[in-house]
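Novice: So the sequences go chain by chain: A and B. For the first sequence, full-length UniProt numbering assigns the number 1 to the initial residue and increments by one for each residue that follows. For the second sequence, full-length UniProt numbering assigns the number 1 to the initial residue and increments by one for each residue that follows.
Because the hints were derived from the structure by calculation, they are not lab data. Hints are supplied without guarantee of correctness; some may be wrong.
The list cannot tell twin chains apart, which means a pair is met if one copy fits it or any two copies do.
Mimicking DSS-like on lysine-lysine, the simulated pairs with C-alpha atoms at most 25 angstroms apart in a straight line are [stated by the list, open to error]: (1) Lys45 with Lys116; (2) Lys73 with Lys36; (3) Lys36 with Lys70; (4) Lys73 with Lys117; (5) Lys45 with Lys70; (6) Lys73 with Lys116; (7) Lys117 with Lys45.
Please read these numbers as outputs of a predicted model, since none were measured by experiment.
Number of protein chains: 2
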Amino acid sequence: MKMWTIQAIKASALPLLGMSVVTTTLAAAPDVPYPKGYRDWHHVKSMVIEEGHPLFASFGGIHHIYANDKAMKGYRSGAFPDGAVIIFDLLEAVRADHAITEGQRKVLGVMHKDAKKYASTGGWGFEGFGGGDPANRVVGDSAASACFACHQPQQAQDYTFSRLRD
Amino acid sequence: MKMWTIQAIKASALPLLGMSVVTTTLAAAPDVPYPKGYRDWHHVKSMVIEEGHPLFASFGGIHHIYANDKAMKGYRSGAFPDGAVIIFDLLEAVRADHAITEGQRKVLGVMHKDAKKYASTGGWGFEGFGGGDPANRVVGDSAASACFACHQPQQAQDYTFSRLRD
Numbered sequence: 001m002k003m004w005t006i007q008a009i010k011a012s013a014l015p016l017l018g019m020s021v022v023t024t025t026l027a028a029a030p031d032v033p034y035p036k037g038y039r040d041w042h043h044v045k046s047m048v049i050e051e052g053h054p055l056f057a058s059f060g061g062i063h064h065i066y067a068n069d070k071a072m073k074g075y076r077s078g079a080f081p082d083g084a085v086i087i088f089d090l091l092e093a094v095r096a097d098h099a100i101t102e103g104q105r106k107v108l109g110v111m112h113k114d115a116k117k118y119a120s121t122g123g124w125g126f127e128g129f130g131g132g133d134p135a136n137r138v139v140g141d142s143a144a145s146a147c148f149a150c151h152q153p154q155q156a157q158d159y160t161f162s163r164l165r166d
Numbered sequence: 001m002k003m004w005t006i007q008a009i010k011a012s013a014l015p016l017l018g019m020s021v022v023t024t025t026l027a028a029a030p031d032v033p034y035p036k037g038y039r040d041w042h043h044v045k046s047m048v049i050e051e052g053h054p055l056f057a058s059f060g061g062i063h064h065i066y067a068n069d070k071a072m073k074g075y076r077s078g079a080f081p082d083g084a085v086i087i088f089d090l091l092e093a094v095r096a097d098h099a100i101t102e103g104q105r106k107v108l109g110v111m112h113k114d115a116k117k118y119a120s121t122g123g124w125g126f127e128g129f130g131g132g133d134p135a136n137r138v139v140g141d142s143a144a145s146a147c148f149a150c151h152q153p154q155q156a157q158d159y160t161f162s163r164l165r166d
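Please put together the full structure from these sequences, using the hints given.
Specialist: Shown next, in the form of C-alpha cells:
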C-alpha cells in the first residue's frame with residue numbers, strides 16, 4: 001500500500017502545480033499485494049514455452065498456474081469474486097540429458113480481483129515480481145498495456161486464459 | 001482394502017493346500033489407498049522427461065510432485081512420519097507450436113508412508129493408478145521390484161528423490 005499512498009499524494013498535489021491530473025489518476029491503481037503463501041495454493045496447470053513461440057521473449061520457460069480458494073470458485077462458476085488471486089509462476093526451463101527441469105524464478109505474475117479498485121483493467125489488478133522478489137515490481141502502472149491488453153479478448157471468461165483440469 | 005482382504009484369505013488358505021506361504025505373505029502388503037484430493041495438496045516441483053532419457057519408457061511426459069501436510073513435514077525434517085503421502089502425477093507432454101502442454105494422465109504414482117505396514121519396502125507403500133483410475137492398480141504386489149529397487153539407494157533421504165524448492 002506504500003506506493004499507492006505516495007501515488008495518491010502525487011495525484012492530489014499535481015493540480016496545485018498546474019499539471020493535468022487525469023493520466024496520473026488513471027494510472028494510480030492500488031498496488032497489487034504480494035501473494036504470500038501462494039506455493040500452498042491449488043496448482044491449476046503448467047506449460048513450457050520454448051524458443052520460437054510468440055511469447056518466448058516475455059514468458060519463455062516453465063510456468064505453473066496457482067489459484068487461491070476464491071479463484072477456485074471463480075474457475076468453477078465462471079465469475080471470479082473479489083479477493084480471487086491467480087498466479088503465473090515462471091521459472092527457467094533447464095534442458096539437459098533429455099529432460100527439462102526447473103531453474104531460477106524469472107517472474108511471479110499476479111492477477112488480483114477487485115472489481116472496484118481495478119475497474120479500468122477488467123476488475124483485475126496485474127503485477128509481476130521480478131525474480132519473485134516482493135520489492136521488485138516490474139509492471140506497476142503499466143498494467144493496462146503490459147497485461148490487460150492481451151487479457152481483454154478473454155472477457156467471456158472474466159479475462160482469464162487458464163482453465164481447471166483434473 | 002478389498003484386495004488386501006482377498007490376499008489375506010489366500011495367504012491363510014495356502015498352507016492347507018500344502019504350498020509355501022512365505023513369498024505370498026511378503027507380497028501381500030496392504031493396498032496403498034487412492035490419494036483422494038491430492039490435486040489440492042502442495043505442489044512440490046515438476047519435470048519433463050523426453051525421448052532419449054533412460055526413464056522415458058516408464059515416465060516420459062510431464063510430471064508433477066504433490067505432497068500432503070505430513071509429507072511436507074518429512075521434506076522439512078528429513079524423516080517422513082506415517083501417513084505422509086507423495087504423488088508422482090504423470091501426464092502426456094504434448095508438443096506443438098514451440099510449447100509443451102499437458103495431455104491425458106498416464107499414471108498416478110503414490111508413495112504412502114507406514115513404517116509397519118510397508119516394512120519390506122523401506123516403510124513406503126508404492127502404487128500406480130493407470131490413467132489415474134482408482135480401480136486400475138498397475139503395481140500391486142510388484143512394489144519391491146517395480147518401485148523400491150530404484151528408490152533404495154535414496155535411503156539417506158528416506159527413499160525419496162524429490163526436494164522442496166521455493
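Novice: If a hint holds in the structure, say so; if it does not, say that too.
Specialist: Now the hints, each set against the structure:
1. Lys45 with Lys116: Neither. Shortest intra-copy (28 angstroms) and inter-copy (35 angstroms) distances fail the 25 angstroms Cα cut-off.
2. Lys73 with Lys36: For lysine 73 and lysine 36, both the intra-copy (19 angstroms) and inter-copy (20 angstroms) Cα distances are at most 25 angstroms.
3. Lys36 with Lys70: The answer is both: 15 angstroms in one copy and 21 angstroms across copies each meet 25 angstroms.
4. Lys73 with Lys117: within (20 angstroms within a copy, 38 angstroms between copies)
5. Lys45 with Lys70: both (17 angstroms within a copy, 23 angstroms between copies)
6. Lys73 with Lys116: Classified as within: same-chain Cα gap 19 angstroms, cross-chain 40 angstroms, threshold 25 angstroms.
7. Lys117 with Lys45: neither (28 angstroms within a copy, 34 angstroms between copies)
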